[in-house]
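Protein chains in written order, with numbering that gives the first Met the number 0: chain A, 0 to 194; chain B, 0 to 194; chain C, 0 to 194; chain D, 0 to 194.
Source of the hints: derived by calculation from the structure; they are not laboratory data.
Check each hint, because a few of them may be wrong.
Copies of the same chain are indistinguishable here, so a pair counts whether it falls within one copy or spans any two.
As the list claims (entries may be wrong) - Listed below are the simulated SDA-like cross-link pairs for lysine to any residue, each with C-alpha atoms no more than 25 angstroms apart in a straight line:
no. : residue 1 : residue 2
1   : 113       : 67
2   : 14        : 4
3   : 79        : 135
4   : 135       : 38
5   : 125       : 184
Single-letter residue listing:
There are 4 protein chains.
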Amino acid sequence: MYSQSIQKLIKIFTKFPTIGPRIASRFVFYLLKLSKEEIDELINSISTLKEKVKLCSFCFKSFEGEGELCEICQNPQRDKTLLCIIEKETDLIPIEKTQKYQGRYFILGGNIGKLKQEDIEKLRIKELKERVKDVKEVIIATNATTEGEATALYLERILKPLNIKITRLGRGLPVGGELEYADEETLGSAFEGRK
Amino acid sequence: MYSQSIQKLIKIFTKFPTIGPRIASRFVFYLLKLSKEEIDELINSISTLKEKVKLCSFCFKSFEGEGELCEICQNPQRDKTLLCIIEKETDLIPIEKTQKYQGRYFILGGNIGKLKQEDIEKLRIKELKERVKDVKEVIIATNATTEGEATALYLERILKPLNIKITRLGRGLPVGGELEYADEETLGSAFEGRK
Amino acid sequence: MYSQSIQKLIKIFTKFPTIGPRIASRFVFYLLKLSKEEIDELINSISTLKEKVKLCSFCFKSFEGEGELCEICQNPQRDKTLLCIIEKETDLIPIEKTQKYQGRYFILGGNIGKLKQEDIEKLRIKELKERVKDVKEVIIATNATTEGEATALYLERILKPLNIKITRLGRGLPVGGELEYADEETLGSAFEGRK
Amino acid sequence: MYSQSIQKLIKIFTKFPTIGPRIASRFVFYLLKLSKEEIDELINSISTLKEKVKLCSFCFKSFEGEGELCEICQNPQRDKTLLCIIEKETDLIPIEKTQKYQGRYFILGGNIGKLKQEDIEKLRIKELKERVKDVKEVIIATNATTEGEATALYLERILKPLNIKITRLGRGLPVGGELEYADEETLGSAFEGRK
């Protein structure tokens, strides 16, 4: 129904995370209404993104500016003996917001749902082994999902021979949680982790 | 937290329809993972969109190709004595899919929630008055929302003096609808429109 | 975990429409907190329900009071030449609220999802055939669901030989409905039923 | 619209937890369809409920049978030096299911949203003070909601002078929880409670 250029762009937007064909077509009609200046601004922002944004050579977080290290890894006040392993960059923001963690991060680059060799190879395991050399505590902060749990178990197996303290995030009732609706595992962890 | 270029692109994506900051940031990290070729394809598709896509000089539907008219308005088999007024282009697809309508369309360009002068001025009222000259029936196919209803009433007032047959879409129970959960107005329309 | 009497009552409440075990157990603890007077009121209301409530001998609606007919069938102002067939008694209230219908009702007693003989036998088909004798128009007001549609088709087949005008509720966009989200059948009906 | 007896029973059912008028009316029509035997079974179960079910003289849990104590408080294998305070009886089942707790319970009888004197008076505070006399650890297992938190703080203030160890359930990510969607407080607790 839609013309060729519109269909092509709908197809591209449909690959964006969470976007289906209906929203993708609304994106295209939104773009058709934008001014020349707004289109140029969008195109410019997309095309310079990869030029300007670098990945930190220590933690693999994105950053801009001079040097090899991101603003967290450069910060002399962050505790270099602590390393928090997270699955992906968007997990870093909520941790920073808690203001309970003053160490550095390591972005693993994914998780391993089913211990498939090809999934494991996508993770930055080799780099992780190098980063933990002078570290006293590694905090495995993967999600509490099945995939995150499998990844955490895999990391524990890899890091155990290196004789570093390995911890994992506490499990329990989240804020607003009710006992009546809690699953057994969460509630069991809440009992074990009482204090 | 995110670097400047990332923040700027998040801000731009947040203006896209239905997109909030969380999904916007996922878009940016998705783009960071794309290859140079994929980024170029996206940029190219966006930048040529407005060059290639024209608006039909009769109905204002988007189209590509030769001439001034879209493929529907050009089609000699479409009944030129019927005109269906819709709020926006995305409303055209579901009507075409019904295969119950063989006339032409007119895309009004919006709706008027509160009869504000500035909202009315955004609609293509002047063009509509010209388009209905040789038309026998105008079907007002605005949404059944408050805004769509207000727009329909406004159009009826404008078109009535021109002595054309004016119809509106039938109201009633939608497919899957249950009487127990139907509102009074819908069910009342369903009774009046029984056949 | 719960004691025997509690478990038994939970089991009974779980058979109530829409009630699962969690809500059923909340019902029991709610009852345990009620006063003797409140429990007696509940028990009294349940036990006299079937004694006091009769089914109308014409339409099968529940009613209390003298005579064989409910307050609608007794009402001399209701048009006896119109008969509206509904699946169940709770469908009657929303129709009455529209104030668009002044005839009488007939409660069919269910619907037939798959034309099974045992489902058909539960419906009041024999009674329906008697009720339509002096009627000019029968309005089949089954739900717009698959089951309601199948029931309507079955009723049409049964009533057609009797030479009565048979109508069905109009289909179309419900109040608040948007074209973009309407299914093809609903929108097709809305086009056919335009006026 | 509905007759008097039906309306009265709808009104009574509307007071049941989570039940609105629509479901309440479905309950009544469900009851109208039940057999005499089923109605009698329901009435019998309700009327004997309060006779048969007793509240444990120690923990206030409901139970049936001989004696003053429920099956948990009677059980010699439960650790009498541990006491878990819960808001209401339905919170006990999920804790038992975890099989991580071998002590006894105390059902507080509610929570205090706003420290109102009348709310506090409904709680079994006096009884609680008596129950903790020979206890070594009191586990406050109120919900992680605002009301549960307020109640926990109130209990801590009351129990502190008695020189008993007071603990609370661990907070953190629940099973299935993702960092990206966790609130700051939950994630902060997860970091503090890492192990």
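Okay, the hints, checked on the actual structure:
no.	hint	in the structure
1	113 to 67	neither (34 angstroms within a copy, 53 angstroms between copies)
2	14 to 4	both (16 angstroms within a copy, 22 angstroms between copies)
3	79 to 135	within (9 angstroms within a copy, 41 angstroms between copies)
4	135 to 38	neither (50 angstroms within a copy, 41 angstroms between copies)
5	125 to 184	neither (33 angstroms within a copy, 33 angstroms between copies)
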